[in-house]
Amino acid sequence: MKYLTEYRDADKVRALLDEIEKTVTRPWVLMEICGGQTHSIIRHGFDRLLPPEIELVHGPGCPVCVTPLELIDKALLIASRPEVIFTSFGDMLRVPGSDRDLFQVKSAGGDIRIVYSPLDCLKIARENPDKEVVFFGVGFETTAPANAMAVQQAKIQGIDNFSMLVSHVRVPPAIEVLLSSPENRVQAFLAAGHVCTVMGTWEYDPLAERFNVPIVVTGFEPVDLARGILRAVRQLEQGRAEVENAYERLVVREGNKPAQKVIDAVFETCDRKWRGVGMIPDSGWQLREEYAAYDAEKKFEVGALEVSESPLCQAGLVLQGRLKPNECPAFGKECTPRTPLGAPMVSSEGACAAYYQFGRLSD
Amino acid sequence: MCLGIPGKIEEIYETDGLPMAKVNFGGIVKETCLAYVPEAEIGSYVLVHVGFALNVIDEQEALETLDLLREIDALGEELGQAPAPAE
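Sequence lines, in order, name chains A and B. For the first sequence, the positions run 1 to 363 when this note's numbering is used. For the second sequence, the positions run 364 to 450 when this note's numbering is used.
The following block holds chain B by itself, in its conformation from the complex (with noise of 0.2 Å):
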């Protein structure tokens, strides 16, 4: 629950008052807020949890870690998807 993915800003608005960008984790776009990094543009890679960006990182360290999520298979339930109810 506390991994964090990194994801790449593509586009910011703002909904309800508070600033939201869409977020693309090597190919998923979730949509993702932008409270805790006022500094985060469009183009800048984000720490994203549940949601919320936490940090602003740099592109190599992002690809590098999105790469060993990809590999240990924790990308999916990161991005919130079901995991499998017990038989």
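If we strip away everything but chain A, and leave its shape as in the complex, we get (with noise of 0.2 Å):
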């Protein structure tokens, strides 16, 4: 118990801050991937207190901002039928769609409920036997275990009025694409922790060596942010490009060996669409033919959706770093979070609700 407070210790952040300070000599672009980290370092000020030559572009690690629109509208159709409960985590419920959010469809009379776990859909749809439970299942490699788990749960159990509308993505596709990009200007990543703690860090070795670009695995707390830095800052500045793990306590290589076999057992990869950033081949997670029978979109025949996203909102070019949030024209005024004009004003983990939450107002 003696370092009770050793991760958010202002001392230790103060000293690292100043090693960051002593190390670097020219200016360096850092992206965070983590939308956690992205609000961890502006909570906790790192924006303003890292030396001028340091900037942090803040990445797409918001499974809930790049959950694709035409995948909101389907289940704002899907959970107003009136044979469905559709289950959720809550940041979902408040995310724009075309034209509602999931708040209004049940406002108006739609069950829909927020779920801590998705085994508790199992639960709902045991006990609602004339009912058709369907959960919204989105997230990063993070959420991936428990969401495969649920649906080989399902076929195991023979529940077979649950299923899942899945919009799973994957970070390594999404960072390539962003290295690939002619107008990328990000020299090093912070990869995000609990990824990791998932699938290990050897998904990253080809990147780094392919582009040349170094990448940190780190945690969302004051130290660990401020420790991860450090660590890209000193091997930007001695030329090296390495993936560096330095989330020891949470992180090994390997990643979690069962979770990583559940969900090879019941996801397959797909190219997916993210929103306001586009397609990325190779990006997504969907469920494999065997499991077929709990694919919600197969389920149910939404058909195809004509989707309209807000002309004023700037969140796909905030996604890839290349707009800060309060550099967006309708930031503040149009869009705020009680009227977001995009997710990434909505989500706990969106740079906007950052920004705003934390009074970036302007720069």
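Hints are computed from structural coordinates only; laboratory data are not their basis. Errors might be hidden in some of the hints.
No farther apart than 25 Å at their CA atoms in a straight line, the calculated lysine-lysine pairs in the PhoX-like style are these [said to hold, decoys possible]:
1) K385/B / K131/A
2) K106/A / K298/A
3) K333/A / K155/A
4) K393/B / K371/B
5) K385/B / K257/A
6) K106/A / K299/A
7) K131/A / K155/A
8) K123/A / K385/B
9) K123/A / K106/A
10) K155/A / K298/A
11) K371/B / K385/B
12) K393/B / K123/A
So, partial list: chain B residues that the calculated Cβ filter (under 8 Å) puts toward chain A [unchecked claim]:
13) K393
14) A398
15) Y399
16) E402
17) V413
18) N418
Note that beta-carbon positions come from the ideal geometry of N, C-alpha and C, so glycine has one too.
From the two separate chains plus the hints, produce the assembled complex.
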């Protein structure tokens, strides 16, 4: 118990910041992938505490933000059906679809329930045999082991009135797309700690090598972030480009093998459209053919949808780190957490919400 | 969504063939699946995400993280409590 506040310890963070300042000799652009890290960075003021040479840009690691609009609209249609109990993690409910959100479907009488764990949906399905229970299966690699297990268990237990609307995404193909863009400015990445708790770090080695870019795995707490930034800056200054694990207490190179096994049994990789970013090859997971009976998109034929994105919303540029939230003309005006035009203003992991909540109203 | 919360295992049992546990998160007890942490035992601290333990962690780390989550008000959200609707 002697270091109860070790990871938030101001002196420790200060010492790491001093070390970063001593190390840096020229401008560098770093991107943190994970929206949870973005919130922590802005909450703790890293954007203001770091030496001016270091620019942090925020990445697309907000599952709610990148879920394609077509899929949100499909969720709205399925959730409106009288025979459906629609289940979801809480932060999907306020994400704007083309003309409404799930909260509005709920107010109009839709049976929409927030669940803590996808396994809760199986219980709801067993208790409501005359209803169809649909779960909105979104998320990055961190959430995939839970969602995969729910589908696998539905099959094992013969729960046929359960299905999942799947929009799973994977981090490494997104990094590849960002680095391949001619407009890319990012020179080093902070990789998301809990994604790597599940998947390990080995997937990042080919990226570091091919694009000559340091990738440092780190956590969410101030000392973790400061340590991750220092390690990335050291690599940049020394001309190295390696995958480094600065979150050893929760991440091992091979990841969580039992979790990877269940993910692989239930999901296969697929091309996936990211809201605001576009199609990223091989960046998604979808249900394997053996689990097609649990695929809500197949169970409920909702057909081709006409979608419409707000013409004012610049979420796509924000998610690619090409625009800071407060550089968007609608930020804090037409678009606020109470009147969001895009998902990054809604989600607890969205960069726009972080800037709004912590008072980064202009530069 | 990717935060994860540390909690202490109080009880281990099996439901529908899955290893499950009662896990205490600073006073709030939730059912948690242990399928991905075969090494966990009663008294272990685990990092839990959407009802699944992903890793066994040490006690000191667990208490610090719980403290931080409480401070930044993220505990309720990670435990699946509903956000407020827009007005």
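Open item on the list: Run through the hints listed earlier and report the numbers of any the structure violates, in increasing order.
Closed with: Hints 1, 3 and 16 contradicted; others consistent.
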